[in-house]
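Quick mapping for you: the protein sequence lines, in order, are chains A, B and C. When we follow the numbering used here, the leftmost residue of the first sequence carries the number 1, and every step to the right adds one. When we follow the numbering used here, the leftmost residue of the second sequence carries the number 1, and every step to the right adds one. When we follow the numbering used here, the leftmost residue of the third sequence carries the number 1, and every step to the right adds one.
Hints may contain errors.
Which copy? The list can't say, so a pair holds if one copy fits it or any two copies do.
To be verified - Taking lysine-lysine and the DSSO-like style, the derived pairs with C-alpha atoms no more than 30 Å apart in a straight line are:
hint, residue 1, residue 2
1, Lys89, Lys308
2, Lys120, Lys326
3, Lys161, Lys188
4, Lys2, Lys290
5, Lys63, Lys45
6, Lys161, Lys194
7, Lys65, Lys326
8, Lys326, Lys89
9, Lys95, Lys305
10, Lys65, Lys315
Just so you know, these hints were derived from the structure itself, not from any lab.
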Amino acid sequence: MKLSKIAKTIGGKIFGQDIEVKNIKSILTARAEDLTILLDKLYLKDAQKSKACAIVTFTTEVKPKNGILVKNPRKVLPKLLKLFAYEDKQLGISKTASIDDSVKLGKALFIDDYVRIKEKTVIQDNVKIYSGATIGRNVVIGAGTIIYPNVTIYNNTQIGKNCIIHAGAVLGADGFGFERNEKKEWEKVTQLGKVVIGNDVEIGANSCVDRGAIQDTVIGDGTKIDNLVQIGHNCIVGKHNVFSSMAGLAGSTIVGDYCIWGGQAATAGHLTVGNDVTIMGRSGVTKNIKDNEVIQGFPAQNYKKEWKEQAVLRKWARRQLNKEEKTDEE
Amino acid sequence: MKLSKIAKTIGGKIFGQDIEVKNIKSILTARAEDLTILLDKLYLKDAQKSKACAIVTFTTEVKPKNGILVKNPRKVLPKLLKLFAYEDKQLGISKTASIDDSVKLGKALFIDDYVRIKEKTVIQDNVKIYSGATIGRNVVIGAGTIIYPNVTIYNNTQIGKNCIIHAGAVLGADGFGFERNEKKEWEKVTQLGKVVIGNDVEIGANSCVDRGAIQDTVIGDGTKIDNLVQIGHNCIVGKHNVFSSMAGLAGSTIVGDYCIWGGQAATAGHLTVGNDVTIMGRSGVTKNIKDNEVIQGFPAQNYKKEWKEQAVLRKWARRQLNKEEKTDEE
Amino acid sequence: MKLSKIAKTIGGKIFGQDIEVKNIKSILTARAEDLTILLDKLYLKDAQKSKACAIVTFTTEVKPKNGILVKNPRKVLPKLLKLFAYEDKQLGISKTASIDDSVKLGKALFIDDYVRIKEKTVIQDNVKIYSGATIGRNVVIGAGTIIYPNVTIYNNTQIGKNCIIHAGAVLGADGFGFERNEKKEWEKVTQLGKVVIGNDVEIGANSCVDRGAIQDTVIGDGTKIDNLVQIGHNCIVGKHNVFSSMAGLAGSTIVGDYCIWGGQAATAGHLTVGNDVTIMGRSGVTKNIKDNEVIQGFPAQNYKKEWKEQAVLRKWARRQLNKEEKTDEE
């Protein structure tokens, strides 16, 4: 691929020669035939050692003498890397896929071996379903969605268009609902709700979204969920949120739009989180959170307050320990 | 379904007319043909706006003018929602299920496509096994148990009656046992124990229960395990416990009966936890816990002590920060 | 198996008679026909009650009057338990396995039912792949490796020799890479890297190792990963590390050799962790860590500092609370 072709897609100005590149690799793993990219001045030193023949960069003070100058290399990443993507062009429905006669199948599908699709389910156009995935009854899978291997989608789940569901994810398993009886035993509360996933949602490997009890669990358009995330029953999650790995929402949490959840961050149940909220990694949210808050800690609070309080406590503790050490020495 | 039929099952007294309802939905998602339920006076305002035609409630001060008056609506949930449950009546054994000739099959089974069952395994009556589940050799699956898609059950595992194992769960993978040799490398300790699951146990999606090293990992009757939970090797877990999502037991933990584990709560290995213990969310247990304790924090301790200590520390820190701010201003 | 045969394998000196044992079981679960093992003097009392007919022990002050005396019983565990291991001797390729014609198959393979292997993949000698596993295109699986049921291996992944990949694990799913556009929506950054796993690596049930963005995610030789662990994209993990259950590495973390991660321990992204580092359970690592450090807490620091600081703070808080209580009483 020529730099001029790439520049046409990502914007920016070519410097050096309009050479051909084979792959795109990171600064230190790139070989002579590769393009690389400088994302941050932190890596400027590395960029002065790169073996790449060309670079996407915000400065020409780098070793590769050919490349594309852009204002913010990070911003062009989606378009740039897509140029080098492997596209799976397989089409057709495997003879070993087991699809109930009542299933409605769209056009241009790829359904791989050992896929199971049950009664009354609708698979819209251009969907890809990989081997071992199981799709329950009465499910809708929107156009252009990709279901990776060994995914399980329980009955009645609705998935929007252009979603990506990674391997091992489970959508629509029973919410965790039990009531204790007079013998202190837990009686199951049948979970009658379903899971509704919007458009352009990505769900990571082995993540779980549980079905609701008497309402649906909802994930809004454009929300991206990493691996091993838990979304409990009855949660209503808005649009364009990000859930990092191992984040968890207990049941009946309502989340607005444009929120960011750090790794292992979790909320107690029945809370409301506003729009544009950032919950930093490992935080434990125990109360409702207003719009635009950035919170941390457990119980989570404004991150600056949290940091300052932690700092003042630790400072005191260290001074105290220093005093005790001195007393010991005397 | 008529209200009178429902009242017969759940108890309580009908008010308004004995009308027909179609589904049960939450207060705000119910439509004109639906029954709803008021679980808590927190939702009383919502219940005065509900479109439902009927309500299960503890007070008649609600908008739906027909319904069933019960003392504690939460307590009737198991019976009430079960009335509306979809029951999968499929029976029979798929031609594409691969079942070894030595497997003992009970009556009234449903075994779906691409299920694999290996040598000498026993499948008791009324078991349902969904597609993609793999059952190892010498396994016992008790009567009435449901195994959802893509579950993996390793060799020798024993599962009791009326259990529910959700999609992607893994029972009987090797416990995490290694010894370091003189080259600082980790040598595998073969895990010879098995997993033994009691009756009426529910195990959530993508949860893991590891096999023991030289004894069995045991989960007692009636214990309910949410999604993405880890139970390490050699653990002996008693009856009627609840493990919320992302909880974890390191190896060789002994847990009594009627305990509750909050989300992301975890224990170090080789500990003993008594009966009726509550371990609040995100707690890290580092020592043995006596009966009836309610604990929190890391290291976890009595939750009141934990809360008071945290409060007194934070109060001091805030006062300190206020002082510093004032000094800055002066 | 005779004690003399066992002693030949594990070393040590026989005492009592050279009797035959049937199984090896833990001290309290062993029956009259079993061998047991005393791992620690903590269990000495139990060992004086064991029903086992023989014992591997460091002292003869135990009830079983026959056995093998060794210096450190824990060190012989790998060899000892391997003697009693069940070995799956199945060979051959199931007719229901779906293997592309371009796949290169080694010798002495076991490939079970409903395994899917795609184009150009290489399966070396003595590999076992259990039912429901899906292997993408252009993958390499090294000699002697075992892939348990329902594992998903994405395109281009490379796995070394003698690895064990437990059920439900996912290798090579897309790293979690998105850029926010001017509409505050998240645009996917195609993940072009692959996953490269060394030799003798074990990966636990339902764990995830993501593919890199423009470089590979690498797990070094001999590293052992427990269940439900997350390794983010671009991570480079060295040799002979141990990751306990629910540990997580955010993206682009570099880890040396011989490190130990406790349960639920996690790192922020773009960090470097040295060699021989121990990260205690539940720790949150927020900065680079030097060789030989033992760290704990969040933000994680030297574990002794962490413990002392926590202790001095708690001591102060308790004294304060005691004072307040006394004041209340007066």
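Hints versus structure:
{"no.": "1", "hint": "Lys89 x Lys308", "in the structure": "neither (54 Å within a copy, 60 Å between copies)"}
{"no.": "2", "hint": "Lys120 x Lys326", "in the structure": "neither (77 Å within a copy, 68 Å between copies)"}
{"no.": "3", "hint": "Lys161 x Lys188", "in the structure": "between (33 Å within a copy, 15 Å between copies)"}
{"no.": "4", "hint": "Lys2 x Lys290", "in the structure": "neither (49 Å within a copy, 43 Å between copies)"}
{"no.": "5", "hint": "Lys63 x Lys45", "in the structure": "within (10 Å within a copy, 67 Å between copies)"}
{"no.": "6", "hint": "Lys161 x Lys194", "in the structure": "both (18 Å within a copy, 27 Å between copies)"}
{"no.": "7", "hint": "Lys65 x Lys326", "in the structure": "neither (59 Å within a copy, 56 Å between copies)"}
{"no.": "8", "hint": "Lys326 x Lys89", "in the structure": "neither (72 Å within a copy, 67 Å between copies)"}
{"no.": "9", "hint": "Lys95 x Lys305", "in the structure": "neither (61 Å within a copy, 63 Å between copies)"}
{"no.": "10", "hint": "Lys65 x Lys315", "in the structure": "neither (50 Å within a copy, 59 Å between copies)"}
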